[in-house]
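Got chain C sorted already, so can you dock chain L onto it with the hints?
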Amino acid sequence: MSKLKIFTKGFFAENAVFVMLLGLCPTLGTTTSALNGLGMGLATTFVLVMSNVAVSLVKNLIPDKVRIPAFIVIIATFVTIVELSMQAYLPDLYAVLGLFIPLIVVNCIILGRAEAFASKNNALDSAIDGLGMGLGFAMALTMLGSIREILGSGSIFNMKIYQGDGALVFVLAPGAFIVLGYLIALVTKLTKKA
Amino acid sequence: MASKTKSTFVNMVVVLFVISALASTALAFVYQATKEPIAKAKLEIKKKAIAQVVPEFDTSYNPIENMFKIALAEGDSLECYPTKKGGDFSGYAIKANTNKGFAGEFWIMVGFTPDGKIYNTAVLEHHETPGLGDKMQKSKSNWSEQFTNLDVPNIKDIDGDGILIEVKKDQGTVDAITAATISSRAFCDACERAYTAFKKIKK
Numbered sequence: 001m002s003k004l005k006i007f008t009k010g011f012f013a014e015n016a017v018f019v020m021l022l023g024l025c026p027t028l029g030t031t032t033s034a035l036n037g038l039g040m041g042l043a044t045t046f047v048l049v050m051s052n053v054a055v056s057l058v059k060n061l062i063p064d065k066v067r068i069p070a071f072i073v074i075i076a077t078f079v080t081i082v083e084l085s086m087q088a089y090l091p092d093l094y095a096v097l098g099l100f101i102p103l104i105v106v107n108c109i110i111l112g113r114a115e116a117f118a119s120k121n122n123a124l125d126s127a128i129d130g131l132g133m134g135l136g137f138a139m140a141l142t143m144l145g146s147i148r149e150i151l152g153s154g155s156i157f158n159m160k161i162y163q164g165d166g167a168l169v170f171v172l173a174p175g176a177f178i179v180l181g182y183l184i185a186l187v188t189k190l191t192k193k194a
Numbered sequence: 001m002a003s004k005t006k007s008t009f010v011n012m013v014v015v016l017f018v019i020s021a022l023a024s025t026a027l028a029f030v031y032q033a034t035k036e037p038i039a040k041a042k043l044e045i046k047k048k049a050i051a052q053v054v055p056e057f058d059t060s061y062n063p064i065e066n067m068f069k070i071a072l073a074e075g076d077s078l079e080c081y082p083t084k085k086g087g088d089f090s091g092y093a094i095k096a097n098t099n100k101g102f103a104g105e106f107w108i109m110v111g112f113t114p115d116g117k118i119y120n121t122a123v124l125e126h127h128e129t130p131g132l133g134d135k136m137q138k139s140k141s142n143w144s145e146q147f148t149n150l151d152v153p154n155i156k157d158i159d160g161d162g163i164l165i166e167v168k169k170d171q172g173t174v175d176a177i178t179a180a181t182i183s184s185r186a187f188c189d190a191c192e193r194a195y196t197a198f199k200k201i202k203k
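Chains as they are written, first to last, in my numbering: chain C, 1 to 194; chain L, 1 to 203.
Chain C on its own, in the form it takes in the complex:
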């Protein structure tokens, strides 16, 4: 597989949210606004790249039967590093995203990529895969967050675009399911080979 293809498959062909339906808990929970979705997506991307590289470097040292706990420890370590550094050096961003950072550990995209890709490929390919998958995830979360923010709060990236509060249901969990359902249908229609 070419490097470009490894990178681009995360956006549509194998998009974590729209196609593989992985990591739906943070997807539904954090996308109340475009900014929250984008921040969560980027934090996930960072952890995904780091853990993919680390896993691909040690893949031959780890016995098969204990690979899952080993991967989880690696992932949790990177997440904690992200959380502590963000709290120390970017307190403003931490105030917005702090609630969601620990959730990255249990995001199955990260373990999924470690298991399905990084444990079978070299470090460079794994980094590219992590970056593509992560940015694809960030893109999906931002789209979902934007639509929910426009419909639910009448604004986008905290900028008011029409008067009033919008339909509250889109900020709540049911709205997340409704919007995600329509988005998946749309993406499937657009990308389906005739």
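It is worth saying that the hints were derived from the structure and are not from the lab. One or more hints might be untrue.
[Claimed, not checked] Quick list of in silico lysine-lysine cross-link-like pairs, DSSO-like style, CA-CA up to 30 Å:
1. K160/C <-> K9/C
2. K4/L <-> K3/C
3. K6/L <-> K160/C
4. K4/L <-> K160/C
5. K65/C <-> K6/L
6. K6/L <-> K168/L
7. K84/L <-> K48/L
8. K48/L <-> K160/C
9. K69/L <-> K35/L
10. K140/L <-> K160/C
11. K42/L <-> K9/C
12. K169/L <-> K140/L
13. K117/L <-> K100/L
14. K160/C <-> K65/C
15. K156/L <-> K5/C
16. K69/L <-> K85/L
17. K47/L <-> K4/L
18. K4/L <-> K120/C
19. K156/L <-> K47/L
20. K35/L <-> K85/L
21. K65/C <-> K4/L
22. K69/L <-> K42/L
23. K117/L <-> K6/L
24. K6/L <-> K120/C
[Said to hold, decoys possible] Here are some chain L residues the structure puts well away from chain C; computed CB gaps all over 12 Å:
25. T5
26. F29
27. A39
28. E44
29. F68
30. S90
31. D115
32. G116
33. K202
[Said to hold, decoys possible] With beta-carbon atoms standing in for the labels, derived distance ranges:
34. L124/L <-> M20/C: 35 to 41 Å
35. F12/C <-> E125/L: 16 to 22 Å
36. K117/L <-> K160/C: 45 to 51 Å
37. K160/C <-> E44/L: 26 to 32 Å
38. T173/L <-> G181/C: 51 to 57 Å
39. Y89/C <-> T25/L: 17 to 23 Å
40. M20/C <-> F29/L: 34 to 40 Å
Everything numeric in this text was worked out from a predicted model, so none of it was measured. Think of the CB as a built atom: it goes at the ideal place given N, C-alpha and C, for glycine as much as any other residue.
Here is chain L on its own, set in the frame of chain C:
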């Protein structure tokens, strides 16, 4: 390419041990390195909050160094940061918590002028629902403006339960946040706790 490590008992134990040891060492380093900046960032947030919630004060009298604790009940006390202007106490910033939040405990800073009015409020840390309960933050909506200059001693206690700061649903005077009555109630509860503490200073 090196061959894969076999899944023997010894191999598994050794590998897991080494990975955990490396991970904890790395985290210990990061923790050490970020400990001070984190404490600094938190202090900065506190300082900013104090400056927001009380009237302008003389910086020669440091409210953080002169912090004292007010006990509300056994094992339950609030931190109070007094400020002075021209030699007299000009305000009291009280860090109040409540455990009635929708997602557990949260902390706000409530500032009082010496006559018992709330000068202003600021949210320090919370876990309320993004998009709903977090509207109590100044950056998200103007909801908390109704607490600015709230004349607490002159609020009429309609239902006679001794609680002055309440949402309208509880016969109080505060408009609750739409769809976040629990968060609004908790915010009122924290203010009420701060006011209870404030009355104890005055005694």
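A quick look at each hint next to the structure:
no.: 1; hint: K160/C <-> K9/C; in the structure: 34 Å, violated
no.: 2; hint: K4/L <-> K3/C; in the structure: 25 Å, holds
no.: 3; hint: K6/L <-> K160/C; in the structure: 59 Å, violated
no.: 4; hint: K4/L <-> K160/C; in the structure: 56 Å, violated
no.: 5; hint: K65/C <-> K6/L; in the structure: 9 Å, holds
no.: 6; hint: K6/L <-> K168/L; in the structure: 68 Å, violated
no.: 7; hint: K84/L <-> K48/L; in the structure: 17 Å, holds
no.: 8; hint: K48/L <-> K160/C; in the structure: 27 Å, holds
no.: 9; hint: K69/L <-> K35/L; in the structure: 25 Å, holds
no.: 10; hint: K140/L <-> K160/C; in the structure: 12 Å, holds
no.: 11; hint: K42/L <-> K9/C; in the structure: 41 Å, violated
no.: 12; hint: K169/L <-> K140/L; in the structure: 23 Å, holds
no.: 13; hint: K117/L <-> K100/L; in the structure: 23 Å, holds
no.: 14; hint: K160/C <-> K65/C; in the structure: 53 Å, violated
no.: 15; hint: K156/L <-> K5/C; in the structure: 69 Å, violated
no.: 16; hint: K69/L <-> K85/L; in the structure: 21 Å, holds
no.: 17; hint: K47/L <-> K4/L; in the structure: 55 Å, violated
no.: 18; hint: K4/L <-> K120/C; in the structure: 11 Å, holds
no.: 19; hint: K156/L <-> K47/L; in the structure: 33 Å, violated
no.: 20; hint: K35/L <-> K85/L; in the structure: 34 Å, violated
no.: 21; hint: K65/C <-> K4/L; in the structure: 12 Å, holds
no.: 22; hint: K69/L <-> K42/L; in the structure: 19 Å, holds
no.: 23; hint: K117/L <-> K6/L; in the structure: 71 Å, violated
no.: 24; hint: K6/L <-> K120/C; in the structure: 16 Å, holds
no.: 25; hint: T5; in the structure: 5 Å, violated
no.: 26; hint: F29; in the structure: 9 Å, violated
no.: 27; hint: A39; in the structure: 9 Å, violated
no.: 28; hint: E44; in the structure: 7 Å, violated
no.: 29; hint: F68; in the structure: 27 Å, holds
no.: 30; hint: S90; in the structure: 28 Å, holds
no.: 31; hint: D115; in the structure: 32 Å, holds
no.: 32; hint: G116; in the structure: 31 Å, holds
no.: 33; hint: K202; in the structure: 33 Å, holds
no.: 34; hint: L124/L <-> M20/C: 35 to 41 Å; in the structure: 39 Å, holds
no.: 35; hint: F12/C <-> E125/L: 16 to 22 Å; in the structure: 39 Å, violated
no.: 36; hint: K117/L <-> K160/C: 45 to 51 Å; in the structure: 32 Å, violated
no.: 37; hint: K160/C <-> E44/L: 26 to 32 Å; in the structure: 29 Å, holds
no.: 38; hint: T173/L <-> G181/C: 51 to 57 Å; in the structure: 42 Å, violated
no.: 39; hint: Y89/C <-> T25/L: 17 to 23 Å; in the structure: 21 Å, holds
no.: 40; hint: M20/C <-> F29/L: 34 to 40 Å; in the structure: 35 Å, holds
Hints 1, 3, 4, 6, 11, 14, 15, 17, 19, 20, 23, 25, 26, 27, 28, 35, 36 and 38 from the list above are not met by this structure, while the remaining hints are.
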